[in-house]
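Colleague: Chains as they are written, first to last, in my numbering: chain S, 667 to 966; chain D, 995 to 1389.
Note that these hints are calculated values from the structure, not bench results. Model, not experiment: these values are computed from the prediction. Do not take every clue at face value.
Which bits of chain S does chain D cover? Going by a derived footprint, with three or more residues having C-beta under 8 Å, they are [said to hold, decoys possible]:
1. 706-720
2. 726-737
3. 791-804
4. 859-872
5. 883-893
6. 923-937
We put the beta carbon where it would ideally sit given N, CA and C, even for glycine.
Residues per chain, in single letters:
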Amino acid sequence: MWLRWLTTSPLDAVRDGRAIGEPGARMVVIIAMAFGAAVLEAWLRGEPGVLRAVAGLVVQQRRRTLAGDRLLTLLGVVGVALAATLAGAVLPIQGPAVLDSSVGIVWFNAMEVGVWVAVWLVGWGVNAVFPLVGGYRFVAQGLAYELPHMFALITVALGAGSLRFADIVAAQRPVWFVVWMPVAFLVYLLSALAMAFWGPFGEALGRDIAGGVAGELGGVDRLVFSGGRYLMLAVSAAAAVPLFLGADWAPAKTALVLAGLVLVRQLVPGVRMDRYMTFAWMVLIPATLVQMLIVGIVVL
Amino acid sequence: MGLTGWLLRIAAGRPRALLVATPSGARARVLAEAMMTDRGWAVALSPGEASVLVVCGAAGAELEAAVSVVWGDISGPRALILIGDDQVASEVGAAFDGAVALLGDERAQRADAASRVPWVPDEVEMAGMHGHHMGDPAGVPMADRGPDRDGLSLDRLHVPLGPVLVDWPGGLVADTVLQGDVVQEAAVRVLDGGAGESFWDAPWVSAARGEPVTRGRGERWRAASHLDSLGRLLAVADWESAARTARRLRDRLLAGEAWASRRGSSVGDARLVRDFGRFARRVRGSRVLGWMLRGIGPVPADSGLGEWATGDALDRMRWWLDRTGEALLVLDDRTPLQGDDGPRAAAHEGVSRRVIEALPSLLAGAEWAGTRLIVASLDPDVAQVAHDVTAGRRP
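With the sequences and hints as input, model every part of the structure.
Modeller: Spelled out as structure tokens, the structure:
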């Protein structure tokens, strides 16, 4: 049963003519992955006990700041998880996507950008200096990562000749896209970290600004916001599989990519956008354009 | 009731602790950090995240006032740990146990919550309307304006750094004026300075008093002090994992001290030297870290701060790594400690005062993202500084 779950591919499901339904089960898989990422991170930090930490946030009283905008803050707190869920809806995770859209890649990109809004709203809404600084950091980060990210996604769409995730997966039999689009894959992994503001791209929640955007969040607010971040990380890892890593063993491959993303936080210090921006625009954008050109010539 | 009590008890074993460093509290802070690591407590980056406030060392009047504001700002369930300058590990451990018990005690937490003065934003806002200019939202003054470096009139935001701030020198406050993300002005002051005797200078101070101190002990302290500074710098650079390693090495060095003095050379030291080598290679080899630290807080050779400070944050980090590596080679040296060459230049006339005096000009014009790195890469020891030091014009 377990093995069957691991080996189920979206294509098999489509071929078998099975129902697309069970979005709840799909969601459970992603939430379990996000939880696993949190457990791994806590273990690596030497702060085990994720369920205890959750309990601590459940019993902690909520926090209000002077002249904060409660509505905007709440929208932002919930927004990260919401954006992650909507972005994940078009992904074939275990079986076909919940929302099998013909413009899946565009949808994924648009929803994932919702995280920008959410993070910025929290940073702005609580009306405190460090969260505001963090919010602006994230906007700058968005400007740095988004263009290379979009070019990487377009390269994949070009290679598959479709914006639908199911078609993209089908186009990777027998050769995975990672084999002939390595630059796009690496750029995508950077974006995956950036969109979940994780590891080197976690400066919006930086230690130098006392936790930044999340600094004034307590109790359930913090729990939902942090949970949303892990969910976004899991969704961005899950998207790497249909985009670059072929069809079969999707949950297993997602888990591997996710574990790798979690590990990066241990290996790399924070990256400041005042320096990264130049690299993103001067190196990553030209590199993705060259990659796209090569893919374009191949598919001609 | 039953469910809340159960959740409280479950959560109590994994608190989120915010450390407050004090000028004379380096020893207490090192103990607290080591104990948190041992127990797997999470580090809180802000009062909003914290459930435990740990005050490391004796706070003077000004710092105590700041601590009490922060304590009032921590949501329940909460616990306060006060660690005295001279407390030993077992006492600190008991205080940590007490905090866990208190966090899990539903009746005590409910009583605490009931005794707190409720904060009603509307009343504060009303008071603000009367007490301040009309139009100041919630009584908080609006940002004023001033010319920026290009002569444009821009909003000026007054942002203090410290004294209660994670990975920040105890008792230091930097009042900055921001325009956009550039620090236009900065003034640095010291709250309740130490008695002029620093934990990190202890071996040299003892030796000067004529007490028998070996050179090995002095070098052990030097290495631990530099590892402490490295831990702070790496934490501010958002590389928590490397910062943890630096602090763990520091704790092992200081813990080895008691053992080594009884039994001669410690076998644990060989392993420590090896582990430090691995850590140093990892930190030195990080191209991303080099990329982020290069050019931050440049200090010219004629600054008067000394050779260690010359260059940028990356140079200073490498200097600490080099000195630590050299110090670790002579931990067994039983010859008497001579001279006054402590971790921060002369132990009796420490360099920290000059660092603090140099900070305003180093911070002015720096990008906000680099300010914490500048301070952490110079890591002044406020215990070396008398009470009245201020530097820069208070904005």
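Colleague: So, for every hint listed, does it hold in this structure?
Modeller: Going through the hints against the structure:
1. 706-720: Coverage by chain D holds for the stretch 706-720 of chain S (9 residues, Cβ < 8 Å).
2. 726-737: holds (count 7)
3. 791-804: Held - the stretch 791-804 of chain S has 5 residues with a Cβ nearer than 8 Å to chain D, which meets the minimum of three.
4. 859-872: holds (count 4)
5. 883-893: holds (count 4)
6. 923-937: n = 7 at 8 Å, threshold three: holds.
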